[in-house]
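Colleague: Listed below are the residues making up each chain.
There are 2 protein chains.
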Amino acid sequence: MKTHAVLRMTKQRQIILEELCKLKSHPTADEMYQILRRKMPRISLGTVYRNLEILSDCGMIQKIDVGGTQKRFDGNADIHYHIRCLRCNKVEDIEIEPDKKLENTARQLSKYTVLRHHTEFIGICPSCLAASPA
Amino acid sequence: MKTHAVLRMTKQRQIILEELCKLKSHPTADEMYQILRRKMPRISLGTVYRNLEILSDCGMIQKIDVGGTQKRFDGNADIHYHIRCLRCNKVEDIEIEPDKKLENTARQLSKYTVLRHHTEFIGICPSCLAASPA
DNA sequence: CTACTTGCAAAAAATTTGCTGCTAT
DNA sequence: ATAGCAGCAAATTTTTTGCAAGTAG
Numbered sequence: 861m862k863t864h865a866v867l868r869m870t871k872q873r874q875i876i877l878e879e880l881c882k883l884k885s886h887p888t889a890d891e892m893y894q895i896l897r898r899k900m901p902r903i904s905l906g907t908v909y910r911n912l913e914i915l916s917d918c919g920m921i922q923k924i925d926v927g928g929t930q931k932r933f934d935g936n937a938d939i940h941y942h943i944r945c946l947r948c949n950k951v952e953d954i955e956i957e958p959d960k961k962l963e964n965t966a967r968q969l970s971k972y973t974v975l976r977h978h979t980e981f982i983g984i985c986p987s988c989l990a991a992s993p994a
Numbered sequence: 861m862k863t864h865a866v867l868r869m870t871k872q873r874q875i876i877l878e879e880l881c882k883l884k885s886h887p888t889a890d891e892m893y894q895i896l897r898r899k900m901p902r903i904s905l906g907t908v909y910r911n912l913e914i915l916s917d918c919g920m921i922q923k924i925d926v927g928g929t930q931k932r933f934d935g936n937a938d939i940h941y942h943i944r945c946l947r948c949n950k951v952e953d954i955e956i957e958p959d960k961k962l963e964n965t966a967r968q969l970s971k972y973t974v975l976r977h978h979t980e981f982i983g984i985c986p987s988c989l990a991a992s993p994a
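Protein chains in written order, with this note's numbering: chain C, 861 to 994; chain G, 861 to 994.
Hint data in this document are derived by calculation from the structure and do not stem from the laboratory. Glycine included, C-beta positions come from ideal geometry on N, C-alpha and C. Some clues are possibly wrong.
Claimed, not checked - According to the in silico footprint, chain C covers these stretches of chain G (three or more CB under 8 Å from chain C):
id: 1; segment: 923 to 937
id: 2; segment: 960 to 967
id: 3; segment: 978 to 991
Please model the complete structure; the sequences and the hints are all you need to start from.
Modeller: As structure tokens, this is what we get:
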């Protein structure tokens, strides 16, 4: 266990942070890699993974570990809820005010030290629905 | 696309369902495999994956796609909330009544056809906390 | 300077799949 | 009978890691 390394703001880290914050979508690591390669063709997928991990550990971005096979990342570090399409796996924000009181309820009902909570809605997005209303 | 195969209750499928329902924990596919091998040594990991998938598609069990690297499965098919330990990744039930009204709010605020929602609390479990209170 | 970081490639971890023979219905 | 299923092994997919060279502070 290393004792708090000093974080360096490398070009790669900065561009990863910038590009992610520009997006309102919630890309996977590989989607970020594809985007980043356009600006920085030699960047490696390993670097993307390592930095997304580090930035979310620092609280500068969020790792969203909701459904789907791949992890997704969110440039908005504030707590907010998400909605995911069951068909295409797209993840979007949903403007429901997170209920912090819920965490107090959880504290009373469990022996865990409750840190946070996250709610994900699951549904069918308009474009998937249009594609096959079945 | 295949048109609704008839589901067979094989020995393997049955024992997977039984053993999962016995547990109050939420094992990963591999954890299930380890448990099942004790009763059925020749069962394969592929079979475990295939059946957990099929059973959750049928709504007989739940796939819980929350944080952590592996998917977890829950023999309790009723909707309920979970709490996950940030350190050991254990997932347990939490006795908070799911708020179905939230889904109506979501319907009003988004263009998705909202099907369900899930809330996950994140914290530190008592045993991890005891192990290192830092 | 020097620890942290990168690109690259290889490895590991997690899950899915093709196939052949078996079995529930 | 026969469509679906199991076991096995190989393939994919997703993520992590070791290492030598580069770089921010």
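Colleague: Take the hints in turn and mark each one as holding or not.
Modeller: Going through the hints against the structure:
no. : hint       : verdict
1   : 923 to 937 : holds (count 4)
2   : 960 to 967 : holds (count 4)
3   : 978 to 991 : holds (count 10)
Violated hints for the displayed structure: none, as all numbered hints are satisfied.
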